[in-house]
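Chains as they are written, first to last, in the numbering used here: chain A, 1 to 352; chain B, 1 to 352; chain C, 1 to 352.
Treat the hints with caution; some may be incorrect.
Said to hold, decoys possible - Label-pair restraints from in silico Cβ distances: (1) Ser134(C) / Gly101(A): 47 to 53 Å; (2) Ile74(A) / Arg282(C): 36 to 42 Å; (3) Glu102(C) / Glu298(B): 29 to 35 Å.
Unchecked claim - Chain C stretches covered by chain A per the calculated footprint, using a threshold of three residues with CB under 8 Å from any CB of chain A: (4) 170-180; (5) 304-311.
What the hints contain is simulated information worked out from the structure, not anything from laboratory work.
Heads up, the beta-carbon is just placed ideally off N, CA and C, and yes, glycines get one too.
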Amino acid sequence: MSTQQSAQTEPNANAGFAPGWYIVAASKDVGARPKPFMLNGLPIVTFRDSNGQSVSLLDRCAHRNAPLSAGRVIGGNIQCHYHGWEFDGAGACKTVPGLCGEPDHPARRVPSFACRDSQGWVWVYSEPDVDPESEPYDIPCADQPGYLTIREHLEMPGPLDAVAENALDVPHTAFVHAGLFRKNADRKPIEVVIRALDGGVEAQFIGEERPKGLVGRLLAPQGGEVFHWDRFLLPCIAQVEYRLSDRSHIITTAALTPRTPTVTDIFATVAVKVPVPNAILRGIFKPVAMRILRQDIEILRRQTEQVKRFGGEEFASTEIDVLGLRIKKLLREASRGKASTAQEERRIKMLV
Amino acid sequence: MSTQQSAQTEPNANAGFAPGWYIVAASKDVGARPKPFMLNGLPIVTFRDSNGQSVSLLDRCAHRNAPLSAGRVIGGNIQCHYHGWEFDGAGACKTVPGLCGEPDHPARRVPSFACRDSQGWVWVYSEPDVDPESEPYDIPCADQPGYLTIREHLEMPGPLDAVAENALDVPHTAFVHAGLFRKNADRKPIEVVIRALDGGVEAQFIGEERPKGLVGRLLAPQGGEVFHWDRFLLPCIAQVEYRLSDRSHIITTAALTPRTPTVTDIFATVAVKVPVPNAILRGIFKPVAMRILRQDIEILRRQTEQVKRFGGEEFASTEIDVLGLRIKKLLREASRGKASTAQEERRIKMLV
Amino acid sequence: MSTQQSAQTEPNANAGFAPGWYIVAASKDVGARPKPFMLNGLPIVTFRDSNGQSVSLLDRCAHRNAPLSAGRVIGGNIQCHYHGWEFDGAGACKTVPGLCGEPDHPARRVPSFACRDSQGWVWVYSEPDVDPESEPYDIPCADQPGYLTIREHLEMPGPLDAVAENALDVPHTAFVHAGLFRKNADRKPIEVVIRALDGGVEAQFIGEERPKGLVGRLLAPQGGEVFHWDRFLLPCIAQVEYRLSDRSHIITTAALTPRTPTVTDIFATVAVKVPVPNAILRGIFKPVAMRILRQDIEILRRQTEQVKRFGGEEFASTEIDVLGLRIKKLLREASRGKASTAQEERRIKMLV
């Protein structure tokens, strides 16, 4: 349908897929059996080679296209269930049962993906048959002394940019998570500084009070000054960091993996240092986090469904949508192979 | 597939969507909570403003496209569940929580639809941001003295034109509703006069006997002469009227609302004046009507499924298909903004 | 995605649909009620005319496109459930209830398909309104003296060419059916002769040992020399023949009917002459056959799903894929109306 304001809203734009390292599984979940997953619509299988290294291949046998993940790992090679062809971690064909000649042949190769075990996660580089110049993102504070580190995997409805914006968005918390973070009452103005990072963007919130509600009381029982940053880093990191005095520090790093254009996996690492015993923290964390995530899943599901019904997005933004448009732009540029151009720092006021 | 008779049958033609007033809900069902519906594939939300007037907006928040119907009504405005943006009944943005400046802005408007409560139904004009020149259709005899008035809402499989033809078609009743209306036996010829109406078409059946079976015995216990008209009026009215002497009059007005290209809502108003006590009439009406409708739903479901399998319609007609082709033509012309051209009166013979 | 080996693998090619005779039902299943089925995406209905002959029409009433199969057979004609139109076995319209004039008219014809009862099956010729020059395939040994004949119907996931290759493929048996036919161990080289047939292709296996495992012990309790042929015959026959001395002969003829591009019906006729009592054979046959078929269904389902995910096939083959590529070529040529060009005989070695 045509509407009067079309010209003034953002065009219906798919944010695009940025090449790079993505988490595809917890390291502990890649063991003796092949583990399939979907990265940006592409079926990929991960297994461990004879050295115990995690390796990743396109999940399609070169022969008759059966999924390799339905087979098994034999001596560090993956064996297809259909005709028993075997491939090593680099994708070379090592066995064609019944064939008298040499099995290895360029036409029988399966594309392979660079693969790393790092900080409890298996990371895969999104482009096949490439030796990447970079290494996976280093998650701050994970497993560092004094920090309780919690890892969770969750499937979210929605494209990566919508999930990232949702994860880093302050204004929705007073509505979707009413009573947990903030309330839509007694708002006070604070300052937000938005600054470009190398391949990313950061919003710093200055003058914020201790978060209201349950989460705030957990983070800073005694109150005090709050430092709060929300960050997005290409290709897939959404990070929320809170410091409340020297005693409390919580940094949540969500690695977002697009499974399909409308489903995104979240692999979250939460590193927490607070003056609360770990046992209590563990007991409280999971139910609170799950309540928040269920609320976000519900609104993302509705948003995604409505965008699909209308055949695309038609978003209007205000200056308090501090990161959403910038995330889309970073993804769009990266998907076209353009480096992000640094921006001037921007300051705005927001009522929280 | 190609078949020999293709050239002689009607082409595969979508009947099109005619702009105008459509029923979207019973008035009593639009209360304190927003009510969503789908008009021709477009999600629309209806709620009551601070004056208790029903109002309708596109069911998509201007901000991040969440469905407004998932939110709630506060002081006559609808509040989005995601970030709390509020819109009045005209679609103007009245609140952006957290924003320091003025919320109202052309880019933040939501398209609105003219909306009326009339005769127990909520009617919506199909074109957004338009002040329509016409008012909703006036349903004859509804709630008039001496008439029992019954309202029903039902979802039918099939496009509007197929549902309208089915509702107004005489020949199928001997098969789909065998034993309820007519039988495929002892047929006698009657005359049918087909005449153009202003934006519509009418078939009058002359010389018809009292309908056979249960329905006939209800309508005219003593028999007598029967007057019977079937009518279609743009954009959505299918009407069946029976008069049997001065004592019996039944007029069923079905307002058809296309939900999607293959699902049509029927909002039916049945006004009945018969020499049967209302309590008995009410007791009999519902089970008989539901039996008829279930039979029509079944055949429409099968027809729609088969048309979909073949990738479109390929209909052959005879002269006793008195209204079907004309309904398609009226809809097709109206969807292209053309007024219907009046036709000569046509008379045919039919065996009923 | 682009991969390095694309140029050396077969292109993503739909094998195409070859016109001809296809089985659509067991003869015993076409009785008093119309029987619907799907041939290459086309809904067809089969019923018996007043002579008890099986006849087939397009399953779409010429009038309003309702499925004729939802109606009933009256005096050898099929009656549509919607308005009672009746059609004879040749598709001519014999009755339009309510119409004063002649019902038969070219525009009211329903396309008809040549239809035969042969060897326990109903065969339909795939092209409408054609008097075919050929007759259905004559299944060898079916119901011949000394042969136990078993018929089964099964739905398989996958296109016809994938199902045919699977049915005729030797190398997969050591993996998908491990322990039933062959093992992936103690392999010995044998010779395979691949020769063109008239409208088909055959692979003969020379020097093969008695099949290992349960199936082998059933076929040839005393061992002995093995003769084994796998054949494909246009448009739809996949045949496996084993001879083990004069006393044992098993010939399985699978007629493959493409229902949709990814679902294929198998109508199998198994004719068996072995030195085992029929009662024992019947008792063993069904559970063993069903176990094999369930394993094939599972791998075909996975293959089909993966090909769909990738938007097409990308197969690499070796010389021991003796029939797959040739089957695709035969189907592709036949679908374009080209006759198959005869090939030189080819001999290869295979380890079985």
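Hints, one by one, checked against the model:
Between Ser134(C) and Gly101(A) the C-beta distance comes to about 41 Å, which lies outside the given range of 47 to 53 Å. Our hint of 36 to 42 Å for Ile74(A) and Arg282(C) holds, since their Cβ atoms are close to 39 Å apart. Against the hinted window of 29 to 35 Å, the Cβ-Cβ separation of Glu102(C) and Glu298(B) comes to about 31 Å, which satisfies the hint. Counting residues of the region 170-180 of chain C whose C-beta lies closer than 8 Å to any C-beta of chain A gives 6; at least three are required, and the coverage claim holds.
Evaluation of the coverage hint for the region 304-311 of chain C: fulfilled, as 5 residues show C-beta separations to chain A shorter than 8 Å, against a requirement of three.
Violation of the numbered hints given earlier is confined to hint 1; every other hint is satisfied by the structure.
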